[in-house]
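Engineer: The chain contents come next:
Protein chains: 2
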Amino acid sequence: MRTLNKLRKYGIYVLFFMLLFAMVFQFTADLRQPSYPVFKKVEANTTNRMIIVVTPTYKRMTRIPDMLRMANTLSHVKDLHWIVVEDGNHTVPAVQQILERTNLPFTYVAHKTAVGYPRRGWYQRTMALKFIRSNTSHILGKDHEEGVVYFGDDDNSYDIRLFTDYIRNVRTLGIWAVGLVGGTVVEAPKVTDGKVTAFNVKWNPKRRFAVDMAGFAVNLKVVLNSDAVFGTSCKRGGGAPETCLLEDMGLEREDIEPFGYEKEKDREIFVWHTKTSTPNIVQSKKNATKPVPPPETFGYFVEV
Amino acid sequence: MRTLNKLRKYGIYVLFFMLLFAMVFQFTADLRQPSYPVFKKVEANTTNRMIIVVTPTYKRMTRIPDMLRMANTLSHVKDLHWIVVEDGNHTVPAVQQILERTNLPFTYVAHKTAVGYPRRGWYQRTMALKFIRSNTSHILGKDHEEGVVYFGDDDNSYDIRLFTDYIRNVRTLGIWAVGLVGGTVVEAPKVTDGKVTAFNVKWNPKRRFAVDMAGFAVNLKVVLNSDAVFGTSCKRGGGAPETCLLEDMGLEREDIEPFGYEKEKDREIFVWHTKTSTPNIVQSKKNATKPVPPPETFGYFVEV
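These protein sequences, in sequence, are chains A and B. Quick note on my numbering: the first sequence kicks off at -6 and runs consecutively. Quick note on my numbering: the second sequence kicks off at -6 and runs consecutively.
The following block holds chain A by itself, in its conformation from the complex (with noise of 0.2 Å):
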């Protein structure tokens, strides 16, 4: 009793000392604001889900630009993996260190293609597959008990949003439009009712998946229960692989949640299916009989 008459008595002084001290925190909680400008959109993961990002990558000389500006992007992502394969013998040293730089949690790893199949990423995807089966923990963390698995290319171009908006936020198969792909600007789930019904695509839109790779994304206990791969084929699909890998998984088009089509018009675009131009490099013919040499680089490292 005695000691809080005291302290209502000198209550003040410790009024004023709190008040000293909340001053200086303010004044340093000012210093340790972050120095970078961030996008307004990267919101909180409420889901508490990981995601997966899988992407091919073979050499070429656009090979490092293009997975220089997918690292610019992706680094905007918190709770994100992003798993590499290469289509090759070994990982080269500098996407190793683009990887390294972007901050993120990440596996790099070579698998040429195997006999049989085509050189378009699908034995490289089927690879990712089977890691993301036999490292599960690993690639959650202690932090995740979910996770999403999306299939990025390097040369695509990405919004921010279809991380956070979207993919962050599929249970089961997200699905949403992708930009300048399968010969039209647009190919788009058809909604009716928050139904998944058709697709608005050109080419081959009887399938039960008319989608490109960028198009979707399916959670990890998908990914999980089933051992579907991408195979060496695709019938059902047209030659095209997505449909299979989704049907291989169990999926059905009611399970389709689709993202993005509220609007009835000026609807937002969130994945591009850019392709980087081959540059036209003049090559040196001094010699017909003999090979042409690689193109001088004056030291600095291209892929040629």
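Rather than coming from a laboratory, the hints here were simulated on the basis of the structure. Bear in mind the structure is a predicted one, so any value in this text is a computation, not a measurement. Accuracy of the hints is not assured; some may be wrong.
The list makes no distinction among identical chains, and a pair is therefore deemed to hold if it is satisfied within one copy or across any two copies.
[To be verified] Once the Cα atoms are required to be at most 25 Å apart in a straight line, the calculated SDA-like pairs of lysine to any residue come out as: (1) Lys268 x Arg112; (2) Lys188 x Phe294; (3) Lys71 x Gln90; (4) Lys183 x Glu296; (5) Lys71 x Arg94; (6) Lys52 x Pro272; (7) Lys71 x Glu93; (8) Lys183 x Phe124; (9) Lys105 x His83; (10) Lys52 x Ala87; (11) Lys199 x Ser226; (12) Lys71 x Arg164; (13) Lys183 x Gly292.
Assemble the complex: chain A is given as a structure, and chain B must be docked to it using the hints.
Structural biologist: For chain B alone, coordinates are given in the frame of chain A:
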């Protein structure tokens, strides 16, 4: 004196409250941590220079994805003002929204190419230079006294370090290597004893500044001390405008500060002159005598 004695007596309570406060603040500081990963290499702006990036742009099917990727890159860099100049009669809401989401300070204006200018961004960059000269204090803001001007196109590929390690440190005229440009895998300044004596380029190497638009940046004071702009032609540049601009700014080869030449081999390239392929869109040609209708976009926004 009486007060001090009492304070000494009840100092324990004061200390207790101070500690409590510190603990609460420490706890909330953890919550205030950025919840997204960031590039390790983004460093403090020790020079206090503002980076001013000038980007001419124009309507095309791949423009939105190109601008998206560039926005994702630039938004990693602090103290950067992005000037985007539309070659058209008015700005485009979809581009405006991309710029707003970067959280960067930016200027977005429309200047349709004037008669006599080639449609290659020269007029838009000229308008940007005039804007910089008449709005210097607005661009610099109250926290900056110096700046660096860089011409960065929306389809190039940029390493974040181009801005943090190269452009930020330009005192007069900085020059560095550019990948996949001028018909070669790399164009670079030739450096002897720290000085640029020639240029490792295939096309027109005799120019005083044989450098691509993406390969140099000039300190803001150089821009402000001249009224040089991009004209309608540049004979000294063999048609390319870079050397005319730099010569008109009163610069000599001795003014060049070369970047990134130190290593003998495996030198890194921080900017690539990539081009996005024009997508091969299937046009419906039901009746050859009538004009072809624009492609179906199903309510999604695509610049067709």
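Engineer: Next step is simple, just say for each hint if it's right about the structure.
Structural biologist: Now the hints, each set against the structure:
no. : hint            : in the structure
1   : Lys268 x Arg112 : both (17 Å within a copy, 23 Å between copies)
2   : Lys188 x Phe294 : between (49 Å within a copy, 22 Å between copies)
3   : Lys71 x Gln90   : both (19 Å within a copy, 22 Å between copies)
4   : Lys183 x Glu296 : between (41 Å within a copy, 21 Å between copies)
5   : Lys71 x Arg94   : both (15 Å within a copy, 17 Å between copies)
6   : Lys52 x Pro272  : both (14 Å within a copy, 22 Å between copies)
7   : Lys71 x Glu93   : both (15 Å within a copy, 21 Å between copies)
8   : Lys183 x Phe124 : neither (33 Å within a copy, 46 Å between copies)
9   : Lys105 x His83  : within (8 Å within a copy, 50 Å between copies)
10  : Lys52 x Ala87   : within (11 Å within a copy, 34 Å between copies)
11  : Lys199 x Ser226 : within (18 Å within a copy, 54 Å between copies)
12  : Lys71 x Arg164  : within (18 Å within a copy, 36 Å between copies)
13  : Lys183 x Gly292 : between (52 Å within a copy, 11 Å between copies)
When the structure is compared with the earlier hints, a violation turns up for hint 8 alone.
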